[in-house]
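Protein chains: 4
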Amino acid sequence: MQPFDTACLLVTCRDRPGLIAAITAYIAEHAGNIVRADQHTDHDTGEFFMRVEVTRESLRSGREAFAAGLARVAEPLGMQCRLEWADRPKRVALLVSKEDHCLSDLLWRWKAGELPCEVAMVVSNHTTAAPPVEMVGLPFHHLPVSPETKHRQEEQLLALLDEAEIDLIVLARYMQILSPQVVQRYPGRIINIHHSFLPAFAGARPYHRAHERGVKVIGATSHYVTEDLDEGPIISQTTVPVDHRHTVRDLIRTGRDLERLVLAKAVRLHLEDRVLIAGNKTVVFD
Amino acid sequence: MQPFDTACLLVTCRDRPGLIAAITAYIAEHAGNIVRADQHTDHDTGEFFMRVEVTRESLRSGREAFAAGLARVAEPLGMQCRLEWADRPKRVALLVSKEDHCLSDLLWRWKAGELPCEVAMVVSNHTTAAPPVEMVGLPFHHLPVSPETKHRQEEQLLALLDEAEIDLIVLARYMQILSPQVVQRYPGRIINIHHSFLPAFAGARPYHRAHERGVKVIGATSHYVTEDLDEGPIISQTTVPVDHRHTVRDLIRTGRDLERLVLAKAVRLHLEDRVLIAGNKTVVFD
Amino acid sequence: MQPFDTACLLVTCRDRPGLIAAITAYIAEHAGNIVRADQHTDHDTGEFFMRVEVTRESLRSGREAFAAGLARVAEPLGMQCRLEWADRPKRVALLVSKEDHCLSDLLWRWKAGELPCEVAMVVSNHTTAAPPVEMVGLPFHHLPVSPETKHRQEEQLLALLDEAEIDLIVLARYMQILSPQVVQRYPGRIINIHHSFLPAFAGARPYHRAHERGVKVIGATSHYVTEDLDEGPIISQTTVPVDHRHTVRDLIRTGRDLERLVLAKAVRLHLEDRVLIAGNKTVVFD
Amino acid sequence: MQPFDTACLLVTCRDRPGLIAAITAYIAEHAGNIVRADQHTDHDTGEFFMRVEVTRESLRSGREAFAAGLARVAEPLGMQCRLEWADRPKRVALLVSKEDHCLSDLLWRWKAGELPCEVAMVVSNHTTAAPPVEMVGLPFHHLPVSPETKHRQEEQLLALLDEAEIDLIVLARYMQILSPQVVQRYPGRIINIHHSFLPAFAGARPYHRAHERGVKVIGATSHYVTEDLDEGPIISQTTVPVDHRHTVRDLIRTGRDLERLVLAKAVRLHLEDRVLIAGNKTVVFD
Chain A
-11 MQPFDTACLL
-1 VTCRDRPGLI
9 AAITAYIAEH
19 AGNIVRADQH
29 TDHDTGEFFM
39 RVEVTRESLR
49 SGREAFAAGL
59 ARVAEPLGMQ
69 CRLEWADRPK
79 RVALLVSKED
89 HCLSDLLWRW
99 KAGELPCEVA
109 MVVSNHTTAA
119 PPVEMVGLPF
129 HHLPVSPETK
139 HRQEEQLLAL
149 LDEAEIDLIV
159 LARYMQILSP
169 QVVQRYPGRI
179 INIHHSFLPA
189 FAGARPYHRA
199 HERGVKVIGA
209 TSHYVTEDLD
219 EGPIISQTTV
229 PVDHRHTVRD
239 LIRTGRDLER
249 LVLAKAVRLH
259 LEDRVLIAGN
269 KTVVFD
Chain B
-11 MQPFDTACLL
-1 VTCRDRPGLI
9 AAITAYIAEH
19 AGNIVRADQH
29 TDHDTGEFFM
39 RVEVTRESLR
49 SGREAFAAGL
59 ARVAEPLGMQ
69 CRLEWADRPK
79 RVALLVSKED
89 HCLSDLLWRW
99 KAGELPCEVA
109 MVVSNHTTAA
119 PPVEMVGLPF
129 HHLPVSPETK
139 HRQEEQLLAL
149 LDEAEIDLIV
159 LARYMQILSP
169 QVVQRYPGRI
179 INIHHSFLPA
189 FAGARPYHRA
199 HERGVKVIGA
209 TSHYVTEDLD
219 EGPIISQTTV
229 PVDHRHTVRD
239 LIRTGRDLER
249 LVLAKAVRLH
259 LEDRVLIAGN
269 KTVVFD
Chain C
-11 MQPFDTACLL
-1 VTCRDRPGLI
9 AAITAYIAEH
19 AGNIVRADQH
29 TDHDTGEFFM
39 RVEVTRESLR
49 SGREAFAAGL
59 ARVAEPLGMQ
69 CRLEWADRPK
79 RVALLVSKED
89 HCLSDLLWRW
99 KAGELPCEVA
109 MVVSNHTTAA
119 PPVEMVGLPF
129 HHLPVSPETK
139 HRQEEQLLAL
149 LDEAEIDLIV
159 LARYMQILSP
169 QVVQRYPGRI
179 INIHHSFLPA
189 FAGARPYHRA
199 HERGVKVIGA
209 TSHYVTEDLD
219 EGPIISQTTV
229 PVDHRHTVRD
239 LIRTGRDLER
249 LVLAKAVRLH
259 LEDRVLIAGN
269 KTVVFD
Chain D
-11 MQPFDTACLL
-1 VTCRDRPGLI
9 AAITAYIAEH
19 AGNIVRADQH
29 TDHDTGEFFM
39 RVEVTRESLR
49 SGREAFAAGL
59 ARVAEPLGMQ
69 CRLEWADRPK
79 RVALLVSKED
89 HCLSDLLWRW
99 KAGELPCEVA
109 MVVSNHTTAA
119 PPVEMVGLPF
129 HHLPVSPETK
139 HRQEEQLLAL
149 LDEAEIDLIV
159 LARYMQILSP
169 QVVQRYPGRI
179 INIHHSFLPA
189 FAGARPYHRA
199 HERGVKVIGA
209 TSHYVTEDLD
219 EGPIISQTTV
229 PVDHRHTVRD
239 LIRTGRDLER
249 LVLAKAVRLH
259 LEDRVLIAGN
269 KTVVFD
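Protein chains in written order, with the working numbering: chain A, -11 to 274; chain B, -11 to 274; chain C, -11 to 274; chain D, -11 to 274.
Treat the hints as calculated values from the structure; they're not laboratory data.
Fair warning: there could be bad hints in the mix.
One copy or any two copies: either way a pair holds, since identical chains are not told apart in the list.
With a straight-line Cα cutoff of 25 Å, these simulated SDA-like cross-link-like pairs (lysine to any residue) come out [said to hold, decoys possible]:
id: 1; residue 1: Lys269; residue 2: Thr242
id: 2; residue 1: Lys99; residue 2: Pro127
id: 3; residue 1: Lys269; residue 2: Arg201
id: 4; residue 1: Lys86; residue 2: Ala53
id: 5; residue 1: Lys269; residue 2: Gly202
id: 6; residue 1: Lys253; residue 2: Pro127
id: 7; residue 1: Lys253; residue 2: Arg233
id: 8; residue 1: Lys86; residue 2: Val124
id: 9; residue 1: Lys138; residue 2: Asp231
id: 10; residue 1: Lys269; residue 2: Arg237
id: 11; residue 1: Lys269; residue 2: Glu72
id: 12; residue 1: Lys86; residue 2: Glu35
In this text the structure is predicted, and so the values were computed from the model without any measurement.
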């Protein structure tokens, strides 16, 4: 967890000598107190990734000045920079269908202070998940969907997301495939939970297929959503042993615990700006 | 581990009332002292599985008499019975190609008394694995193979296995696909280690493909060999977390530890008669 | 999970030949259809443990007759038998102090059908945990406590428990030490969660002490409560890796997930009659 | 694994702004190509830790010049610097008593190229571990010990270590307590494996005590040796679930696998200069 009010700087570029020195020298110039720095170089692709957290109070200059100066450093080095301020938490929309275990878990963690964000709304194509949402006093939008109404429903969804200035969409067991019109509007900003250890059992009914195959572990995978179903960059995965005594129903029950943990972890990592996307992979500074 | 000199009775049949009573009553009649009993019913398929260990010294009758009486109990109930005597350890052949980590590990465990068997021979299509074998004083057979000589090489292999009365073949990173003529001769008696968490990354170069996909766990799978490559009944699986810092080389190094553990576990379970095959799955009484 | 309406028979006694035969023969006599049988013999102590699940509908005789006949079988063999009927779920009281993560989790699982019981009440020495309890419509009893009022408060507690005919007390982060007058009334029927991998860090503030010691794993332990604090029979334990980046606050956050899982698992195992107490240990047929 | 021929720079000091900038600017001045940088600040103690790997070929200056210039940067900032060159591998002595599972494993890994070091010798107070050592062609020194001869034996040991210019001592199940005269000569350079998840079951016979306590996990801990037995900084720990079926003998067998993995991991991390000692804890940049 981030105990400080920080500016978080995320850098991606081609690797070359002097990058860390350039970034940290610029921060030192502004009296920035670095509370954490992480760096990774992918020697296969030659890409450089860095994440630096600086306490906001230590910075001698204001936000705009700091950002502008940074751009002048970044430009000649070909750096793509992103600057995130911890006092401006991300705005989140949670999408859910009928099963509410991931939703309830995220809401509990949010109330407990584990997730640094503003949950702006919960959207569902069913009404079953309404009670826990209303208990915590959040807006619940019911947007039913059928094959015929899908396009129209997604337009309503996009309107809601736009109006609320949503930064992150979390598919907390939302059992609809988002169309490219939605996915393309939120690149790297939609997180899904898949109930298997991808790439095993991509697609529907993974627990049933795991049971048929007789595997001795089951798992869950949180990943960014791309236009290729179940193929987006993986953020977090976990597995747990199972045996011949587990029925499909047992796998589903056991899997729910994995899904809750793995989705919550991915959401927290994203909210704390710890995930950088690298093609179809992620660099996670946890 | 089995601390006793036992007879191990393995039963498979259609479920019906009275099966456990029939088996244990027969054992009680012969004064058999049960040191462990395990039972499983698959309520989807209606199949019944049982494993009972009885101390040999407690049995009032001799082996043949005990087996014959058992057959009389089993027949009317449709039971398939297998009786294994711990003082008649299985005879094992280890097959290996170039990488010797699984082989070395199995040999070490065998010397340490972890694997109740007689290792009768090591066979390889290369010579690199010969030194550790010769150090422990076992026969090492070099059977090189090429696409042209494969049929002939497998005949030599089968001759060796036959002559040595082999009960179990362990593919300890043997990088050749056995043809049906071999597989059919040893049904449920060939164990392989695959270097991924199947069904993910079946086939060749799983670590490379795991790296490309950016998964956050890798794994290993031990399974019985069937005619469908990487599709046989799974005995044991394990996984371990990895992250963006792992190169393919790191995955291979990390995976070696998983492969050693998972193969050794499967071999031990099989040697202790703890694995029953149920179609394309296993029931493992560990 | 138990998909059937069953009678569950739990047996403990000195080991001797013929025990399984006697039990299963009795069940077969009554046409009982065994859906699961588990057995364990502790060869150090010579104790025998067995658990058998029989479908209720298969039994030819009524409950009283079945129980009475069983007693006649058990007596000469020195068996201690317990018979539990799945259609008579246990009555549970949840005790909590301020932190509600375990409580919320148990309530969610109970609502979702994971825990086969009747939650009769929640008792707390604080009021902070009241909202989630009231949302699900359960009685919430506030019994504040101070060193001076402890004896009186426990009498009130015992009166509540007695009146509600409670079978199981779950200490879901109840930060008071129960006195012997309470513990002795519910032997083997009070489950606690301790926030470390016992016996490490028994006592207070385990996460702080784990952080000071610089351990690389943390854990949680669910156990039956005895008069010796943190010394009762362990039901379930789990651990998770941590590193130098984890502050005490991170350990507490991470540990909450372990506590929820490990307590819920222990409660489920107990409710499904899968735990037998063996001195200061448990036999868990999961 | 380190795929490059690098200089590895390790820095510890009081935290203050500008540290990373100072270090990386110095490296940039010498054209150093950073292949990996890791940093940690302990906000409780105010300590700063950094590890930077630079490819040797990229450095414009020679080793002595680079080291001397670094000292001029470090001095005013109060940095303690250590510079390690990957082409000068550490010299290692392995100490063992009777049980050879850790020793055999380390020797196998060393032969396989997993451990970047020179194993200079194996020392034992018994002769049982001699065969695997001689097979790989390493010197084996038999130094028997009794309470009366302990002081004399340790002098012989120190003479051997001195003469061979040993950098790291690995206690691969060496069942003797080293006296302060040895420990003080190799501060932070003796690694031990303890067969429990410390601080649980410190001292002798941990598996027996784990069995008595009825724990549901067992573990292993690798740590630096200090004068306080089993109290030194922990490098790595792992655990594995066990249940009521595990006898002491099973725990010992299962634990051997943990011990091998955890000791090998600690040795590798140390050899790759990934471990910094921080009081009684470690910072591990793995």
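Comparing the hints with the structure gives:
For a Cα distance limit of 25 Å, the shortest separation of Lys269 from Thr242 across copies, 20 Å, qualifies, whereas the shortest one inside one copy, 27 Å, does not. Taking identical chains as interchangeable, the C-alpha atoms of Lys99 and Pro127 lie at most 25 Å apart whether they share a chain (15 Å) or sit on different chains (23 Å). With identical chains, the CA atoms of Lys269 and Arg201 are at most 25 Å apart between copies only, with a shortest distance of 7 Å across copies and 28 Å within one. When the C-alpha separation of Lys86 and Ala53 is checked against a cutoff of 25 Å, the pair qualifies neither within a copy, at 47 Å, nor between copies, at 45 Å.
When the C-alpha separation of Lys269 and Gly202 is checked against a cutoff of 25 Å, the pair qualifies only between copies, where the shortest distance is 5 Å, while the shortest distance within a copy is 29 Å. Only within a single protomer do Lys253 and Pro127 lie at most 25 Å apart by alpha-carbon distance; the minimum there is 24 Å, versus 33 Å between protomers. In the homo-oligomer, the alpha carbons of Lys253 and Arg233 lie at most 25 Å apart only across protomers (16 Å), although the nearest pairing inside one protomer, at 29 Å, exceeds that limit. In this assembly of identical chains, the alpha carbons of Lys86 and Val124 lie at most 25 Å apart whether taken from the same copy (18 Å) or from different copies (18 Å).
In the homo-oligomer, the alpha carbons of Lys138 and Asp231 never lie at most 25 Å apart, since the shortest distance is 40 Å inside one protomer and 37 Å across protomers. Taking the shortest Cα distances, Lys269 and Arg237 sit within 25 Å of each other only across copies (18 Å), while inside one copy they are farther apart (32 Å). Taking the shortest Cα distances, Lys269 and Glu72 sit within 25 Å of each other inside one copy (21 Å), while across copies they are farther apart (32 Å). Taking the shortest Cα distances, Lys86 and Glu35 never come within 25 Å of each other, neither inside one copy (41 Å) nor across copies (34 Å).
In this structure, the hints that do not hold are numbers 4, 9, 12, in rising order.
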